[in-house]
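**Student:** For reference, the chains in residue letters:
Protein chains: 2
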Amino acid sequence: MTSNTPVSFEVLTEGADHARVGVLKTQHGVIPTPAFMPVGTQGTVKGLTPEQLRNTGSAICLGNTYHLYLRPGTDIIDQHGGLHSFMGWPGPILTDSGGFQVFSLSNLRKVDDDGVDFRSHIDGSLHRLTPELSIAIQQSLGSDIAMCFDECPPADASQSDVQKSMKRTTAWADRCIQAHNAKGQALFGIIQGGLFEDLRIQHAKELIEMDFPGYAIGGLSVGESQSDRVRILDVLSDKLPFEKPRYLMGVGRPIDIIEAVERGVDMMDCVLPTRNARMSTAYTGEGRLNIRNSQFRSDLQPLDKNCDGFCCQHFSRAYIAHLIRAKELLAHTILTFHNLRHFQRLMSEIRTAIRDGNLAQLRIREEKLQNKE
Amino acid sequence: MTSNTPVSFEVLTEGADHARVGVLKTQHGVIPTPAFMPVGTQGTVKGLTPEQLRNTGSAICLGNTYHLYLRPGTDIIDQHGGLHSFMGWPGPILTDSGGFQVFSLSNLRKVDDDGVDFRSHIDGSLHRLTPELSIAIQQSLGSDIAMCFDECPPADASQSDVQKSMKRTTAWADRCIQAHNAKGQALFGIIQGGLFEDLRIQHAKELIEMDFPGYAIGGLSVGESQSDRVRILDVLSDKLPFEKPRYLMGVGRPIDIIEAVERGVDMMDCVLPTRNARMSTAYTGEGRLNIRNSQFRSDLQPLDKNCDGFCCQHFSRAYIAHLIRAKELLAHTILTFHNLRHFQRLMSEIRTAIRDGNLAQLRIREEKLQNKE
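These protein sequences, in sequence, are chains B and H. Reading the first sequence from the start, the letters are residues 1 to 373 in the working numbering. Reading the second sequence from the start, the letters are residues 1001 to 1373 in the working numbering.
Isolated chain B (complex conformation):
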């Protein structure tokens, strides 16, 4: 990493298949990879203080450009000197481009080659997002890693629609590069191409020619089957530059994470651990448990007897079941902390397993847990 490079990445260990252990360095800290990135949509990982987030073992968190642009607005975050200071999180931050949210959350969107018109899901107000505006917002947020503004077609889009949207995404990526000039921030490209192997290969090639410091795989985790996702990851696993970090967007369940890592993915994000927490579901070594179920009302065990998090050191399932019934906020905090700690313990196990050459065993364990559901 030269002093002009906002992020640097190094593969430390190559494991079986394409799995690798690495380290991603940013100006706000170092991220061991493969890394799971909790989602802090509105400038907070729901229910946790920054210190608690750090204590889950999370090295980096996400911020959502779409949400923060609409509320509180870029001006206010800018006045704080950026998102790190606004939310009191001193570690690395990755911001998405707003593209995915515009296509999934907003109303009345109208896409043309220049950008997207949409209505806010909060108050119905009319907005227009372009590659240039997305980059301007992300530069104002001051994230360590910004993402190119892309068009994300639905999982069932036709080949010609995907091709059209891919072409637009390439043109937008070029405009993002032109618009981007924040020194401390890296800009990652996003590879689209849907479930079409030849399109994925073609789009990867187009973006690799643009020489981004990192590549995201977009357009997956949008409703496709597990086998389709794995098929696309297989195709990309030896097409992406070895020396650059690879980020699979929106994935996923523990088994999905391992399958992605086996195909060379270094970074992932997903709302599953935090969203499940708010629905009273805990990830454990026995699989997912819904603590609202009556059997847990008198269960004196911790959520997971092998978990080192403060929740499992101090609280029983019965206590958490009580908090849920009593509608106490602390239930959300405890379960969110626990689930993120569970995911970060899994990532740590994954990194060790790659080094020790037994990632397959970890996959088999998680497959069994998944098949129980």
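Just so you know, these hints were derived from the structure itself, not from any lab. Quick caveat: nothing in here was measured; it's all calculated off a predicted structure. By construction, the Cβ of each residue, glycine as well, lies at the ideal position given by its N, Cα and C atoms. Treat the hints loosely; a few may be bogus.
Claimed, not checked - FRET-style restraints, in silico, Cβ to Cβ: (1) B:SER125 <-> H:ASN1293: 21 to 31 Å; (2) B:LYS305 <-> H:ASP1238: 52 to 62 Å; (3) H:VAL1030 <-> B:ARG119: 50 to 60 Å; (4) H:GLY1287 <-> B:GLU367: 36 to 46 Å; (5) B:GLY73 <-> H:GLN1301: 31 to 41 Å; (6) H:ASP1078 <-> B:GLY73: 36 to 46 Å; (7) H:LYS1110 <-> B:LYS305: 40 to 50 Å; (8) H:GLY1287 <-> B:GLU51: 25 to 35 Å; (9) H:ASP1228 <-> B:LEU126: 51 to 61 Å; (10) H:ARG1128 <-> B:GLN301: 26 to 36 Å; (11) B:ARG119 <-> H:LYS1372: 34 to 44 Å; (12) H:ASN1293 <-> B:ASN107: 23 to 33 Å; (13) H:ARG1109 <-> B:ARG275: 35 to 45 Å.
Said to hold, decoys possible - Cβ-to-Cβ under 8 Å is the rule here; a few derived chain H residues that face chain B: (14) GLY1043; (15) LYS1046; (16) PRO1072; (17) ARG1297; (18) LEU1300; (19) ALA1318; (20) ALA1326; (21) LEU1329.
Please build the complex by placing chain H on the supplied structure of chain B, with the hints as guidance.
**Tutor:** Below, chain H alone, put in the same frame as chain B:
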């Protein structure tokens, strides 16, 4: 404190009027007095982990017998070895007797000399609370300080009604003493007598003869005027044994706390700081601020520039205003922490002011803030 005494109390400094700095020692820790005790109604101070509660500077917290008896029930807490273990709070706990809640929260209550029939506010189920059951529950909860089961008449009760209820409270206090045998737990008496000075004096005398290790002043903070409350505290200030701790139940605002301390009160509890937090109100050196107000949306200042709490070190009013609008749980956690830290900083200032002989100045400051509202 002999090894058989569950709590000991020592007055370290006598200040102006009846104010005193002391120390209350329990088997779970030491409490500097005058002390403010946050309310953990359902086995949690709403929105805070035990560690965060500790970091507010709180040395002791309250648990509510009525709520915990109804949900999750004594059996479950018993199986955890008591409330400390159930809620993961290693510090001292005081439990109320359930009396006040039965009279204020439940439906269809019917009082006789033996006890109270009432319906649960949760599910309408029928229950009967007696002095013996209240003590049994509190012993099962394993609090450091238990309270006698008392009858709490409304603020506008007639002298004869108050007298009748006082007589019953004395009889119940006697039954509580008979029923109480937990070695690690102190049982405090509760002085009733409404707003009638002669009744207060008479009831104090009756309870002092029973030789409790501490005395609570009940039946205040139930809607009476500030001057009525001060009048009763004035009457009691030289009637209660100097060497025993005095606990004013349910008080209060910062100004009320100081006025009580000036009349010899050592301990207080109140839901104001935590309840106000959930209504977006922050206590500050400028008075109470409702952070929902639009002026705070772009206010880069901390809640209180003189506060040493982690919230004021890391978060701006604008960030908290954003969290409130975005309906993020963290808003409650931050404001609850902050308000409790504010109250504990006030208690620390009070203890210092008593030692330095300038408590009156502190009172004048808080009177001015109160009069701004």
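**Student:** Between ARG119 (chain B) and LYS1372 (chain H), does the C-beta distance stay in 34 to 44 Å?
**Tutor:** 43 Å, holds
**Student:** Should the hint that ASP1228 (chain H) and LEU126 (chain B) are 51 to 61 Å apart at their CB atoms be regarded as holding?
**Tutor:** Holds: the Cβ-Cβ distance is about 58 Å, inside 51 to 61 Å.
**Student:** Per the CB criterion, is LEU1329 (chain H) less than 8 Å away from chain B?
**Tutor:** With a closest approach of 4 Å, the LEU1329 (chain H) hint holds.
**Student:** Can the suggested window of 25 to 35 Å be confirmed for the beta-carbon pair GLY1287 (chain H) and GLU51 (chain B)?
**Tutor:** For GLU51 (chain B) against GLY1287 (chain H), whose Cβ atoms are near 29 Å apart, the range 25 to 35 Å holds.
**Student:** Hint says 52 to 62 Å; check whether the CB-CB distance for LYS305 (chain B) and ASP1238 (chain H) agrees.
**Tutor:** 57 Å, holds
**Student:** Is the distance from the Cβ of ASN1293 (chain H) to the Cβ of ASN107 (chain B) consistent with 23 to 33 Å?
**Tutor:** 30 Å, holds
**Student:** Can you let me know if the beta-carbon spacing of ARG1109 (chain H) and ARG275 (chain B) is within 35 to 45 Å?
**Tutor:** 42 Å, holds
**Student:** Taking the Cβ atom of SER125 (chain B) and the Cβ atom of ASN1293 (chain H), is their distance within the range 21 to 31 Å?
**Tutor:** 22 Å, holds
**Student:** Under 8 Å, Cβ to Cβ, is where LEU1300 (chain H) needs to be relative to chain B, so tell me if that hint holds or is violated.
**Tutor:** 6 Å, holds
**Student:** Closer than 8 Å between Cβ atoms is the bar; does ALA1318 (chain H) clear it against chain B? Give me holds or violated.
**Tutor:** Where the cut-off is 8 Å and the nearest Cβ of chain B is about 6 Å from ALA1318 (chain H), the hint holds.
**Student:** Look at the Cβ atoms of ASP1078 (chain H) and GLY73 (chain B) and judge whether their distance stays inside 36 to 46 Å.
**Tutor:** Since ASP1078 (chain H) and GLY73 (chain B) have Cβ atoms about 52 Å apart, the given range 36 to 46 Å is violated.
**Student:** Is the distance from the Cβ of GLY1287 (chain H) to the Cβ of GLU367 (chain B) consistent with 36 to 46 Å?
**Tutor:** Check failed, 59 Å falls outside 36 to 46 Å.
Taken one by one, the earlier hints fail for this structure at numbers 4, 5 and 6, listed in ascending order.
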